[in-house]
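> Sequence:
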Amino acid sequence: MGAIERGEYAPAPAQSPERLREQLTDPSTTRWAGLLDGSVVGAAEVRPAGEPKTAFTRIYVLPDMRGHGVGRSLLTEVVRDQQAAGLEILATTVLADTPGARFALDLGATVGDELVINVLDFATLDHAALERRVATDHDGYHLLHWSGRAPDLLVDSYALVKRAIADAPNNHLPPGAVAAWDRDLVRRHERERAARGADLWVTAAVVAGTSTVAAFTAVEVGRSTVDVGQEDTVVLSEHRRQGLATWVKAAMALRLANELPNVRRLSSTTAVANTGMRAVNARTGFRELTRRLLITLEIPALAERLHLL
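Numbering (full-length UniProt numbering), first residue to last: 1 to 309.
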């Protein structure tokens, strides 16, 4: 699948064997293969997305097999499976003006945000610059790190900050699309992540003398510690414009460098409209790799187009 995707856009980095193995054995992801005379000519995968009733999918077809119904057949299986599971929306990302984009638009896809894919390369990490940012005084706050299970004293406040991701500038999250995070939902996600062999590493800015989380950044660390993925970075509205996002992201970068000697790259995806977080990424050393379009398809309408009703 990686080879097919790299054929779509040159900047796509090769996956490490460890990272690819981890992705292919993720129990939360369902996959299909399209075969012709015993050879794989296409593949599809679907996994839960961050928003309720939404799944994230990718469909890959070898370039010389496009236009022969392989992608449509794979999508039909994805839609049938997700419709049975009660899902309502399929989301994916594509490059503009590519066969994948045209395929999705022909099926009625809605274009949401343009997304920037950034990477932080640890081989060229500027430790001194990050250390200066972490050492910057943030009166009234202190940094706290954890991995796996959020501390009991902080979990309620942490869940409240996770809800604030809905405030981020974007064009794809309608009202109510962000999960109503609470203690129980946080604990459930922690258990599910642990079951697939991964941990969420969190670095938080906590209001001094309290159990109030003002900001946090989170990175998923799985069995592969070579390539890791950025999850959310969020600051509560009343604590913004104090440099907390840069503070926690710089601290996380140093934490990864110090505790994961094999780490090669941290990847992050940000809406182009979110200029504030893009500036934070630039200050902490991320570079832009490429851009993609986030698109969504409504499963009931898609099922009708595919004659599944």
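Among the hints, erroneous ones may be present.
To be verified - Restraint ranges, calculated between C-beta atoms of paired labels, are given here: (1) Ser147 with Val207: 47 to 57 Å; (2) Ala273 with Leu185: 23 to 33 Å; (3) Val226 with Asp126: 13 to 23 Å; (4) Ala180 with Ser28: 15 to 25 Å; (5) Ala282 with Gly197: 45 to 55 Å.
Keep in mind that the hints were calculated from the coordinates and are not lab data. Each residue gets a CB set at the ideal place from its N, CA and C atoms; glycine is no exception.
> Now tell me, hint by hint, if it's right for this structure.
Here is what the structure says about each hint:
1. Taken as a hint, the range 47 to 57 Å is violated for the pair Ser147 and Val207, whose Cβ atoms sit roughly 22 Å apart.
2. About 27 Å separates the C-beta atoms of Ala273 and Leu185, a value consistent with the hinted range of 23 to 33 Å.
3. With their beta carbons about 20 Å apart, Val226 and Asp126 fall inside the hinted range of 13 to 23 Å.
4. In this structure, Ala180 and Ser28 meet the distance hint of 15 to 25 Å, their C-beta atoms being roughly 21 Å apart.
5. A hinted range of 45 to 55 Å is violated for the C-beta pair Ala282 and Gly197, which are about 32 Å apart.
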